[in-house]
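**Q** What follows is the residue order along each chain.
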Amino acid sequence: MSLTHKTFPQVVLTQVKWKVMAYSQALITLLILQIVMYYFNYSGSGMSTRGNGLLSLQTHFYSLDGFVISTCLWSFVTAYLIQTKDYRKTNLSIVSNRVTGNIANALVLVFYSFIATIIVHMSLYILVAFIQLVKGITMFPDVSLFNFLHFLVSFCLILLAASSGYFLSSLFNLSKILGGLFVIFFGLFLFRVFDEQLLTIMRFYFEAGYLLFIVKALITASLFFTLPVVFLNRKEVVRG
Amino acid sequence: MGDIVCNLLDKNYRNKKALNKLSCSIEGEKIIGLIGRNGAGKSTWLKLLAGHLKPTDGEIRIFGENPFNSLKVASNLILIEDTMTFPPFLNIRELLKMAGDFYQNWQGELAEGLLKYADIPLNNYHHKLSKGQASTFNLIYGLATRCAITLLDEPMNGMDEGIRTDMYRAILKEYIANPRIIIISSHHLAEIEHLLEEIMLIDHGEVVLHLPLEAVSQMLVRIKGEVNEVKEMTGYQDVLYEKQDVSYEVIIERNKLDETYDKQSKTLIQSVSATEVCKLLTNKSKGGIDDVFNS
Chain A
1 MSLTHKTFPQ VVLTQVKWKV MAYSQALITL LILQIVMYYF NYSGSGMSTR
51 GNGLLSLQTH FYSLDGFVIS TCLWSFVTAY LIQTKDYRKT NLSIVSNRVT
101 GNIANALVLV FYSFIATIIV HMSLYILVAF IQLVKGITMF PDVSLFNFLH
151 FLVSFCLILL AASSGYFLSS LFNLSKILGG LFVIFFGLFL FRVFDEQLLT
201 IMRFYFEAGY LLFIVKALIT ASLFFTLPVV FLNRKEVVRG
Chain B
1 MGDIVCNLLD KNYRNKKALN KLSCSIEGEK IIGLIGRNGA GKSTWLKLLA
51 GHLKPTDGEI RIFGENPFNS LKVASNLILI EDTMTFPPFL NIRELLKMAG
101 DFYQNWQGEL AEGLLKYADI PLNNYHHKLS KGQASTFNLI YGLATRCAIT
151 LLDEPMNGMD EGIRTDMYRA ILKEYIANPR IIIISSHHLA EIEHLLEEIM
201 LIDHGEVVLH LPLEAVSQML VRIKGEVNEV KEMTGYQDVL YEKQDVSYEV
251 IIERNKLDET YDKQSKTLIQ SVSATEVCKL LTNKSKGGID DVFNS
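Those protein sequence lines, which keep their order, are chains A and B. Okay, so the first sequence: first residue is 1 according to UniProt numbering, each after it adds one. Okay, so the second sequence: first residue is 1 according to UniProt numbering, each after it adds one.
Honestly, the hints are just simulated from the structure, not real lab data. This structure is a prediction, so every number in the text was calculated from the model and none was measured. For glycine and all other residues, C-beta sits at the position ideal for the given N, C-alpha and C. Keep in mind that the hints are not guaranteed to be accurate.
[Said to hold, decoys possible] Per label pair, the in silico range of CB-to-CB distance:
hint: 1; chain 1: B; residue 1: N105; chain 2: A; residue 2: F182; range: 31 to 37 Å
hint: 2; chain 1: A; residue 1: L190; chain 2: B; residue 2: K21; range: 51 to 57 Å
hint: 3; chain 1: A; residue 1: L81; chain 2: B; residue 2: H187; range: 33 to 39 Å
hint: 4; chain 1: B; residue 1: G108; chain 2: A; residue 2: K85; range: 28 to 34 Å
hint: 5; chain 1: B; residue 1: K131; chain 2: A; residue 2: G46; range: 53 to 59 Å
[What the hints assert, rightly or not] No farther apart than 30 Å at their CA atoms in a straight line, the calculated lysine-lysine pairs in the DSS-like style are these:
hint: 6; chain 1: B; residue 1: K116; chain 2: A; residue 2: K17
hint: 7; chain 1: B; residue 1: K17; chain 2: A; residue 2: K235
hint: 8; chain 1: B; residue 1: K97; chain 2: A; residue 2: K6
hint: 9; chain 1: B; residue 1: K21; chain 2: A; residue 2: K17
hint: 10; chain 1: B; residue 1: K54; chain 2: B; residue 2: K16
hint: 11; chain 1: B; residue 1: K231; chain 2: B; residue 2: K173
hint: 12; chain 1: B; residue 1: K279; chain 2: A; residue 2: K89
hint: 13; chain 1: B; residue 1: K30; chain 2: A; residue 2: K85
hint: 14; chain 1: A; residue 1: K176; chain 2: A; residue 2: K235
hint: 15; chain 1: B; residue 1: K116; chain 2: A; residue 2: K89
hint: 16; chain 1: B; residue 1: K231; chain 2: A; residue 2: K89
hint: 17; chain 1: A; residue 1: K6; chain 2: B; residue 2: K30
hint: 18; chain 1: B; residue 1: K224; chain 2: A; residue 2: K85
hint: 19; chain 1: B; residue 1: K131; chain 2: B; residue 2: K279
hint: 20; chain 1: A; residue 1: K17; chain 2: B; residue 2: K17
hint: 21; chain 1: B; residue 1: K231; chain 2: B; residue 2: K266
hint: 22; chain 1: B; residue 1: K72; chain 2: B; residue 2: K97
hint: 23; chain 1: A; residue 1: K6; chain 2: B; residue 2: K54
hint: 24; chain 1: B; residue 1: K266; chain 2: B; residue 2: K17
hint: 25; chain 1: B; residue 1: K256; chain 2: A; residue 2: K235
hint: 26; chain 1: A; residue 1: K89; chain 2: B; residue 2: K266
hint: 27; chain 1: A; residue 1: K176; chain 2: B; residue 2: K17
hint: 28; chain 1: A; residue 1: K85; chain 2: B; residue 2: K131
hint: 29; chain 1: A; residue 1: K89; chain 2: B; residue 2: K21
hint: 30; chain 1: B; residue 1: K17; chain 2: A; residue 2: K6
hint: 31; chain 1: B; residue 1: K16; chain 2: A; residue 2: K17
hint: 32; chain 1: A; residue 1: K176; chain 2: B; residue 2: K54
hint: 33; chain 1: A; residue 1: K89; chain 2: B; residue 2: K16
hint: 34; chain 1: B; residue 1: K279; chain 2: B; residue 2: K266
hint: 35; chain 1: A; residue 1: K216; chain 2: A; residue 2: K6
hint: 36; chain 1: A; residue 1: K176; chain 2: A; residue 2: K216
[As the list claims (entries may be wrong)] To be clear about the criterion: a stretch of chain B counts as covered by chain A if any three or more of its residues have a C-beta under 8 Å from a C-beta of chain A, and this derived list gives those stretches:
hint: 37; stretch: 65-77
hint: 38; stretch: 99-106
hint: 39; stretch: 212-221
Full structure from sequences and hints, please.
**A** What follows is the structure in structure tokens.
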């Protein structure tokens, strides 16, 4: 019997095509999450009241923040799940090796992050349109209705969350102890043990403006996606 | 050089040695029965061939390449086992389409035909199939990929009698239509004997024998008769099995039989089936389970 041959890019692209389809349920979860977020954002993400005896002026602010944060959470969990053992085992039923599997996963997450960013922006527009229609309140855009820079920043934030989830899941795949240590370390940040260090990290990413943040976020995400390719390359995967 | 070459292969799981200096070479299209007791190392060896595991020591070459992380091997080898999983949100029809994108020799029509015959609806999901149906699907998937090396690890697990017979026939028909290397691991040699050209017997992680089926069937002889006569005939050589009942019965290697012995003797000499040969070569005692009760 003659042997067949598939090139590396062919295998990766075929995997991306099928993984995008296979994990598409995640996007339905995101849509449900957006509906939940409508409820929380209905009264706006912030409010200020001004006035004198005769006049009272209430200003409600509607922003992307809530939508982006919840989507970051979604992308973190989705990326974590895609790299768990159960999902990795499905690679054994198709033409794959560890490198193609990891690269395809990373590309799928980049694609999903892009779709999620579009959904996030659409969510805000729908919410704004809905409020104008139901409450009859006039809305004024703070910046232009579609700001490409804001779109890129939201995309980078969602991608950063996805890459962190992917990295953490990969660490657990490599060693449960390593993964556990990472979670403890992360927990210490949450409990404000490393407040100064956290501030330094925040400054590193956000202090120098949007454009530099985008560059730094893309580099960090690339690193988080690439490292698992390297350290899981020798890792055995079995079905049983 | 063979299509599959293993050289002094070791595989350890923590303190347990699953494979112990296993060496073998397989060349050309054939159906091989991989036989061995539970824990003999059959599944571990198949997983090493498929590149799911990497050896602790030794070397594997498949089409001249190390299978671990090799795309060439992944494109031309498939391992079918009952723990196979597929993306849960794709139904059977979509899984077949997906396989067509990955495997160049994919036989979609054949797969659909066999699934229809086995009463497995295309709009069902793999994880919702019963154990027998899932095994049937896995086997059909493996056959339809038409990979140059098809490894079937206990492929009939959970299947009912009727479908088992049909699936054995499907394997044979597929092999005749498209010869390739098919390795079937099974505990039930008698059930697959009619398919096989060669037998590879593994015990304690080592290859005990790797011979054509014919040679295995001719390997041992059973001698039945009067004790002294049988013992003289065997020349008191190594006995693989002995039983003292109404008559005395032993099994020895055919080449250790004293051919010059009186042919007029009433002692009965019979061939031993391949199934029994495999059982005897991996037995711990000469009397089988009877030894436990007799001790």
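**Q** Which hints from the list above does the structure break, by number from lowest to highest?
**A** 1, 9, 11, 12, 13, 16, 18, 20, 24, 25, 26, 30, 31, 35, 39
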